[in-house]
Amino acid sequence: MVVVDVVGLTPALLRHAPNLSRLAQRGRAVSLVPPLPAVTCTAQATLLTGRPPRDHGIVANGWYFRELNEVWFWRQSRRLVQAPLLWEVARRARPGLTCANLFWWFNMATTANWSVTPRPVYPADGRKIPAIYSDPPELAAYLEAELGPFPFLRFWGPAAGIDSSRWIAAAARLTFDRHRPDLTLVYLPHLDYDLQRLGPEDPAIADQVAAVDRVAGGLADHAEAAGARVVVLSEYGIEAVRRPVAINRTLRRAGWLAVRQTPVGDLLDPGRSRAFAVADHQVAHLYLRDPAEAGALAALLEGEPGIGELLHGEALAAAGLDHPRSGEVVAVAAPGAWFTYDYWLEPERAPDFAPTVDIHRKPGYDPRELFLDPALRFPRLRIARRLLQARLGMRCLMDVVPLDPTLVRGSHGRPPPGPDHRPLLIT
61 MVVVDVVGLT PALLRHAPNL SRLAQRGRAV SLVPPLPAVT CTAQATLLTG
111 RPPRDHGIVA NGWYFRELNE VWFWRQSRRL VQAPLLWEVA RRARPGLTCA
161 NLFWWFNMAT TANWSVTPRP VYPADGRKIP AIYSDPPELA AYLEAELGPF
211 PFLRFWGPAA GIDSSRWIAA AARLTFDRHR PDLTLVYLPH LDYDLQRLGP
261 EDPAIADQVA AVDRVAGGLA DHAEAAGARV VVLSEYGIEA VRRPVAINRT
311 LRRAGWLAVR QTPVGDLLDP GRSRAFAVAD HQVAHLYLRD PAEAGALAAL
361 LEGEPGIGEL LHGEALAAAG LDHPRSGEVV AVAAPGAWFT YDYWLEPERA
411 PDFAPTVDIH RKPGYDPREL FLDPALRFPR LRIARRLLQA RLGMRCLMDV
461 VPLDPTLVRG SHGRPPPGPD HRPLLIT
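Residue numbers for the sequence shown follow our numbering, so the first one is 61 and each next one is one higher.
Please note that the accuracy of each hint is not assured.
Simulated restraints on C-beta separations [what the hints assert, rightly or not]:
(1) Arg-440 with Arg-187: 34 to 42 angstroms
(2) Phe-125 with Leu-457: 33 to 41 angstroms
(3) Pro-197 with Gly-156: 20 to 28 angstroms
(4) Pro-395 with Arg-126: 40 to 48 angstroms
(5) Pro-479 with Arg-440: 37 to 45 angstroms
(6) Arg-187 with Leu-207: 23 to 31 angstroms
(7) Thr-171 with Leu-207: 20 to 28 angstroms
Source of the hints: derived by calculation from the structure; they are not laboratory data. Beta carbons: idealized from backbone N, C-alpha and C, even for Gly.
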């Protein structure tokens, strides 16, 4: 079986995908009810375990690690998932079943037989070298020898586009042909980019759906010709947004959130904060120093523009989010709104990582990393200069990302507005 994750595909967008539409016509297509939050890591963990976040523990793309007093996003160890995965359960009935995982998350320290995942190398001089990780190690070497280096800058950031999905699909073909896994998982992220940049209603989205349809359709045809069953699915649908909500600024102005003032800008001080939010698209986990203040915090935020729901206590349990990693309160955005992680009150106090692509240092998800700052007169000239500085051994920031949250036009995480905007399963 080959399972292809076409991120962001919905029944409403399927009409622009002729290859996948034919696959659906030959089989069956249904919409799925995603977990809360409907974000990458939570959705994938739910799909691969069949359990809600309360059981598998992946409450978002990142959360507050209380024992470390740090917010971490995009951790990659399979051991963070606190429930057995699909192929692990299948092996109980069929020992020896094999699995290849290409770019689904939690793909390190994994029980898959073959795994490939993005994993840059960070030299001690502060540089970041794009790279992939594989187990066994020779798999990455083989794939890059056949296909060229993985186009890391096309996987995330202002230049993200179809090239990364093409490379992943080609790598999946090579892995499938060479090893014939019983289960092959493939992650194609392309739609995630322009759906967030432009929103699902932009006319250009049809062409982007058609582009990833050619990639996914070609992979599906290849697998079916070899006798494999193909399943296509998605994790969530992306809705149009116009209202960014800086929930941490509200908490800071109210005296609940603390920062450390440093030469590189204001830094979030989680341990000294009475409360702070870990923002992730349209959901924010709110962590309290004193859990007994959950009601008071909800009262503070009640009625705040852009906040749709505030879950705590029994409501949190009803949503399947009653897990120690969750915040004591979980905020869900109103329709058309999304949460920024921003906590600084003046632009000059933004931390130095804010205008860069830095998914691990930011204490929240930042879709502005998909944009070049429109305020820069010659952004590509700045990029070239920064690359030259790095090659000369100079430390520098690739400061080309905008701080304006109104640029973002699409988001996800809250319950979708209807079946046509839900994720999709084609069997």
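Structure-based check of each hint:
no.: 1; hint: Arg-440 with Arg-187: 34 to 42 angstroms; result: violated, 20 angstroms
no.: 2; hint: Phe-125 with Leu-457: 33 to 41 angstroms; result: violated, 26 angstroms
no.: 3; hint: Pro-197 with Gly-156: 20 to 28 angstroms; result: holds, 23 angstroms
no.: 4; hint: Pro-395 with Arg-126: 40 to 48 angstroms; result: violated, 32 angstroms
no.: 5; hint: Pro-479 with Arg-440: 37 to 45 angstroms; result: holds, 42 angstroms
no.: 6; hint: Arg-187 with Leu-207: 23 to 31 angstroms; result: holds, 24 angstroms
no.: 7; hint: Thr-171 with Leu-207: 20 to 28 angstroms; result: holds, 26 angstroms
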